[in-house]
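Going line by line, the protein sequences match chains A and B. Numbering of the first sequence is given in the working numbering, commencing with residue 1 and proceeding in unit increments. Numbering of the second sequence is given in the working numbering, commencing with residue 1 and proceeding in unit increments.
No lab work stands behind these hints: they were computed from the structure. The beta carbon of each residue, even a glycine, is placed where N, CA and C say it ideally should be. Hints may be right or wrong, so weigh each one.
Here chain A is said to cover these stretches of chain B; the calculated rule only asks that three of the stretch's residues, wherever they fall, bring their Cβ under 8 Å from a Cβ of chain A [claimed, not checked]:
#1 142-154
#2 249-258
PhoX-like, lysine-lysine: derived pairs with alpha carbons at most 25 Å apart [to be verified]:
#3 A/Lys236 / B/Lys318
#4 B/Lys322 / B/Lys193
#5 B/Lys204 / B/Lys193
#6 B/Lys314 / B/Lys208
#7 B/Lys252 / B/Lys208
#8 B/Lys322 / A/Lys236
#9 B/Lys208 / B/Lys318
#10 A/Lys249 / A/Lys236
#11 B/Lys322 / B/Lys204
#12 B/Lys252 / B/Lys318
#13 A/Lys249 / B/Lys318
#14 B/Lys314 / B/Lys204
#15 B/Lys193 / B/Lys318
#16 B/Lys252 / B/Lys322
#17 B/Lys193 / B/Lys252
#18 A/Lys247 / B/Lys318
#19 B/Lys314 / A/Lys249
#20 A/Lys236 / B/Lys314
Residues from chain A that face chain B, not an exhaustive set, calculated with beta carbons under 10 Å [to be verified]:
#21 Met158
#22 Glu168
#23 Ile332
#24 Leu347
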Amino acid sequence: MNRDTRITWINRLLLPLLNILTAFAATAVVFWLIDVNPIEAAQVLIYGAFGYKEGIGYTIYYTTNFIFTGLAVAVAFHAGLFNIGGEGQAYVGGLGAGLVILFLDPTLGAWVFIPASIIGALLFGGLWALIPAYLQAYRGSHIVITTIMFNFLAASLMVYLMVHVLREVGQMTPQSELFPTNAWMPFVHDVAAGFGYSIEASPLNLSVLLALLCAILVWFFLWQTRWGYAIRATGKNGTAAVYGGIKPKRIIIVAMCISGALAGLVSVNELVGYQHRLIMDFHLGYGFGGIAVALMGRNHPVGIIVAALLFGTLYQGGAELAFEMSGISRDIVVVMQGLVILFCGALEYMYRPWLIRSLAPVNKQEVLVGAAA
Amino acid sequence: MSDVFLTLLLTLDATLRVSAPLVLAAMAGLFAERSGVVDIGLEGKMLASAFAAASVAAVVGSPWAGLGVAIIVSCGFAMLHGFATITHRGDQIVSGVAINILVGGLTIILGLAWFHQGGLTPALNNESRFLSITLPYAQQLAFIPVLGPIYKELISGHNILVYLAFGVVPMVWWVVFRTRFGLRLRAVGENPKAVDTAGLSVIKLRYKALLVGGVLCGIAGAYISTAHNAQFTRDMTAGQGYIALAALIFGKWRPLTVMLACLLFGFLDALAVRLQGVVIPGIGEIPVQFIEAAPYLLTVILLAGFIGRAIPPKASGKAYLKER
Numbered sequence: 001m002n003r004d005t006r007i008t009w010i011n012r013l014l015l016p017l018l019n020i021l022t023a024f025a026a027t028a029v030v031f032w033l034i035d036v037n038p039i040e041a042a043q044v045l046i047y048g049a050f051g052y053k054e055g056i057g058y059t060i061y062y063t064t065n066f067i068f069t070g071l072a073v074a075v076a077f078h079a080g081l082f083n084i085g086g087e088g089q090a091y092v093g094g095l096g097a098g099l100v101i102l103f104l105d106p107t108l109g110a111w112v113f114i115p116a117s118i119i120g121a122l123l124f125g126g127l128w129a130l131i132p133a134y135l136q137a138y139r140g141s142h143i144v145i146t147t148i149m150f151n152f153l154a155a156s157l158m159v160y161l162m163v164h165v166l167r168e169v170g171q172m173t174p175q176s177e178l179f180p181t182n183a184w185m186p187f188v189h190d191v192a193a194g195f196g197y198s199i200e201a202s203p204l205n206l207s208v209l210l211a212l213l214c215a216i217l218v219w220f221f222l223w224q225t226r227w228g229y230a231i232r233a234t235g236k237n238g239t240a241a242v243y244g245g246i247k248p249k250r251i252i253i254v255a256m257c258i259s260g261a262l263a264g265l266v267s268v269n270e271l272v273g274y275q276h277r278l279i280m281d282f283h284l285g286y287g288f289g290g291i292a293v294a295l296m297g298r299n300h301p302v303g304i305i306v307a308a309l310l311f312g313t314l315y316q317g318g319a320e321l322a323f324e325m326s327g328i329s330r331d332i333v334v335v336m337q338g339l340v341i342l343f344c345g346a347l348e349y350m351y352r353p354w355l356i357r358s359l360a361p362v363n364k365q366e367v368l369v370g371a372a373a
Numbered sequence: 001m002s003d004v005f006l007t008l009l010l011t012l013d014a015t016l017r018v019s020a021p022l023v024l025a026a027m028a029g030l031f032a033e034r035s036g037v038v039d040i041g042l043e044g045k046m047l048a049s050a051f052a053a054a055s056v057a058a059v060v061g062s063p064w065a066g067l068g069v070a071i072i073v074s075c076g077f078a079m080l081h082g083f084a085t086i087t088h089r090g091d092q093i094v095s096g097v098a099i100n101i102l103v104g105g106l107t108i109i110l111g112l113a114w115f116h117q118g119g120l121t122p123a124l125n126n127e128s129r130f131l132s133i134t135l136p137y138a139q140q141l142a143f144i145p146v147l148g149p150i151y152k153e154l155i156s157g158h159n160i161l162v163y164l165a166f167g168v169v170p171m172v173w174w175v176v177f178r179t180r181f182g183l184r185l186r187a188v189g190e191n192p193k194a195v196d197t198a199g200l201s202v203i204k205l206r207y208k209a210l211l212v213g214g215v216l217c218g219i220a221g222a223y224i225s226t227a228h229n230a231q232f233t234r235d236m237t238a239g240q241g242y243i244a245l246a247a248l249i250f251g252k253w254r255p256l257t258v259m260l261a262c263l264l265f266g267f268l269d270a271l272a273v274r275l276q277g278v279v280i281p282g283i284g285e286i287p288v289q290f291i292e293a294a295p296y297l298l299t300v301i302l303l304a305g306f307i308g309r310a311i312p313p314k315a316s317g318k319a320y321l322k323e324r
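Please model the entire structure based on the sequences and the hints provided.
So, in structure tokens, the structure goes:
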């Protein structure tokens with residue numbers, strides 16, 4: 001293997017692997033700090049996520065959310081934008097889905113309701129990202145700061161709407177009335193029962209297929225279309241993209257709207273698929289989790305599905321862990337997300353100089369030959 | 001004394017108490033961003049130090065010990081941010097987000113393991129908190145019209161950290177605009193190459209700036225859990241780090257205007273609490289959420305250049321690579 005191929009291997013495989021292992025090791029240190037045996041904890045975790053049928057349903061249900069937000073963050077990343085506003089976009093996306101369902105005639109069939117609610121979530125999530133995108137593209141404000149502000153604005157807006165406008169009549173809890181059953185995304189266990197299979201009941205619903213479809217569409221869009229090419233070119237080298245005739249302002253708008261729309265789909269899984277009403281704070285943590293998923297999945301749909309499955313596992317397994325062991329809670333997943341973002345994102349290149357020095361050192365002979373030639 | 005005047009005084013009094021941690025955190029952000037390092041992690045550092053202060057104060061029984069450990073913890077995270085973004089030139093935003101998320105989980109996990117109270121720390125008694133100080137003659141001078149109540153209600157009766165927070169502002173101004181360190185700090189945030197050419201270490205300067213920010217965030221965190229409240233609760237900073245960031249932008253990275261922005265945002269917060277459920281004749285009930293959202297909305301509008309322009313230090317957000 002010559003030096004260049006070695007460096008490619010280091011960048012593509014060794015470095016990401018080492019980063020993830022470091023994040024795992026750091027999580028083990030946290031377990032050790034709180035006097036929990038990491039191996040025992042991992043066993044409980046995996047049992048909770050895959051050990052029984054209902055657990056598997058929950059795991060895939062959580063995975064679905066992480067696929068949506070992971071894809072959302074990745075699309076923006078490819079355009080060189082950091083969409084930190086997934087939380088707000090998911091929340092407002094839920095408003096879109098909810099409003100569509102609540103205002104449509106309840107006697108309509110599922111064939112109208114479900115596509116309409118998906119479109120509502122896409123539109124509202126995309127719209128919530130459009131404003132920061134416009135401000136970045138045409139007014140020069142920084143996308144990171146504006147999307148953070150929009151997370152808070154979304155929270156205030158939703159509290160107001162849930163408390164004053166959309167609250168079910170006669171109820172104290174700020175939640176909307178129940179969606180008509182026609183508008184429910186079918187549960188996987190119900191669908192399976194229709195085909196004669198018996199599966200344990202869980203919140204897992206057909207949104208998971210929507211998530212997989214989105215992963216395929218994102219892959220097709222980014223790597224097989226002209227727009228996808230323009231997005232990736234802008235993200236890799238904005239100046240070169242401009243010389244290539246790409247208009248960066250449009251790219252910002254398109255990439256952010258797609259990103260926000262994908263984040264908005266979290267609400268399809270959560271509200272249309274499981275809660276069946278508009279509730280508060282259904283989105284909490286998934287927007288930020290998406291950052292970890294995208295970084296770990298190297299911004300590629302396949303990687304994102306794998307990383308989302310890992311975090312879905314942790315989420316469900318974490319609930320089991322909190323149940324089985326005292327003095328620990330599901331927040332360990334949040335710790336791990338933080339560590340993944342730290343080691344796979346911020347400290348991405350920590351090991352690089354060391355790896356290159358030890359595995360692909362500069363060959364003095366080659367350099368001399370190169371200089372002579 | 002008219003009720004309106006007293007209500008105003010009490011609202012302003014609350015404004016000072018709410019603004020204090022914002023001022024400290026915004027000054028921390030000012031040092032970081034003036035040196036060219038964007039610090040989204042203010043929130044996380046405040047939360048970590050709030051947890052550290054409340055834990056130590058509960059165990060040791062002294063708020064000062066809590067404050068000390070809070071500063072150490074906050075500086076630790078500041079150095080982690082520096083290690084990732086200055087030494088390894090990692091993305092500054094990603095690093096800040098990592099710290100915020102990590103701390104959000106870690107405080108609960110450690111709190112649960114150490115105190116077994118569902119992630120809370122034990123409630124602090126008065127000996128282990130920073131209590132309000134009555135300034136000399138506050139009672140005796142209260143009879144003087146206007147000035148007396150202002151002295152008694154507004155100026156006197158805060159804890160030491162509030163006075164510290166507002167005392168820090170002129171110091172920050174002096175350090176940033178009147179000292180050699182300040183000049184270098186501003187230079188390294190605008191044009192690190194020039195600083196490097198002059199034979200100064202860009203890396204050292206940026207680490208120093210982060211360290212100062214770490215100390216200030218540590219005080220802010222300790223204030224939240226051991227002075228303003230009496231224990232640590234989940235996510236108790238509740239976005240104050242981000243509001244401080246907004247105030248930093250709103251005040252255009254200048255200490256005095258940043259402090260005014262913090263006071264404005266603090267006032268909106270105090271107002272929102274006071275207007276909860278109040279019906280104003282002719283207008284009706286003002287939704288509290290609108291007032292709560294105002295700081296964020298104002299910052300968005302300012303950033304978009306609709307009211308003035310906010311121009312950050314030129315090199316902020318960019319890692320510096322020394323040419324070989």
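Checked hints:
A stretch counts as covered by a chain when three or more of its residues have a beta carbon under 8 Å from one of that chain; for the segment 142-154 of chain B and chain A the count is 0, and the coverage is violated. Coverage of a stretch by a chain is defined here by at least three residues with a beta carbon nearer than 8 Å to that chain's beta carbons; for the segment 249-258 of chain B and chain A the count is 1, and the condition is violated. Using a Cα cut-off of 25 Å, the hinted pair A/Lys236 and B/Lys318 holds, with the two alpha carbons roughly 16 Å apart. As the CA atoms of B/Lys322 and B/Lys193 are separated by approximately 8 Å, the hinted pair is consistent with the 25 Å bound.
Between B/Lys204 and B/Lys193 the alpha-carbon distance is near 14 Å, which keeps this suggested pair within the 25 Å criterion. A threshold of 25 Å between alpha carbons decides the hint, and for B/Lys314 with B/Lys208 the separation of about 19 Å falls inside it, so the pair holds. At most 25 Å may separate the alpha-carbon atoms for a hinted pair to count; B/Lys252 and B/Lys208 meet this at roughly 22 Å. Distance hint between B/Lys322 and A/Lys236 is fulfilled; the C-alpha atoms sit about 22 Å from each other, no more than 25 Å.
Between the alpha carbons of B/Lys208 and B/Lys318 the distance comes to roughly 17 Å, so the proposed pair stays at or under 25 Å and holds. For the given pair, A/Lys249 sits about 15 Å from A/Lys236 by alpha-carbon distance, which is consistent with the 25 Å threshold. The hinted pair formed by B/Lys322 and B/Lys204 meets the criterion: a straight-line CA distance of about 13 Å does not exceed 25 Å. Taking the CA atoms of B/Lys252 and B/Lys318, the gap is about 19 Å. The hint holds against a cut of 25 Å.
Restraint check for A/Lys249 and B/Lys318: the C-alpha separation of about 21 Å stays at or below 25 Å, so the hint holds. The hinted pair formed by B/Lys314 and B/Lys204 meets the criterion: a straight-line CA distance of about 19 Å does not exceed 25 Å. A threshold of 25 Å between alpha carbons decides the hint, and for B/Lys193 with B/Lys318 the separation of about 12 Å falls inside it, so the pair holds. Between the alpha carbons of B/Lys252 and B/Lys322 the distance comes to roughly 29 Å, so the proposed pair goes past 25 Å and is violated.
With a C-alpha separation of about 23 Å, the suggested pair B/Lys193 and B/Lys252 falls inside the 25 Å cut-off, and the hint holds. In summary, the hint linking A/Lys247 to B/Lys318 is supported, as the alpha carbons are separated by about 24 Å, within the 25 Å threshold. Between B/Lys314 and A/Lys249, the direct Cα distance comes to roughly 21 Å. Compliance with the 25 Å bound is thereby established for this hinted pair. Proximity of A/Lys236 to B/Lys314 is assessed by CA-CA distance (about 22 Å); at most 25 Å being required, the pair is judged to hold.
Annotation: A/Met158 was flagged as interfacial toward chain B, and the flag holds, the nearest CB pair being 9 Å apart, inside 10 Å. Nearest Cβ of chain B to the Cβ of A/Glu168: about 19 Å, over the 10 Å cut. The hint is violated. For A/Ile332, the shortest C-beta to C-beta distance to chain B is roughly 6 Å, which falls under 10 Å, so the interface hint holds. The beta carbon of A/Leu347 comes within 5 Å of a beta carbon in chain B, closer than 10 Å, and the hint placing it at the interface holds.
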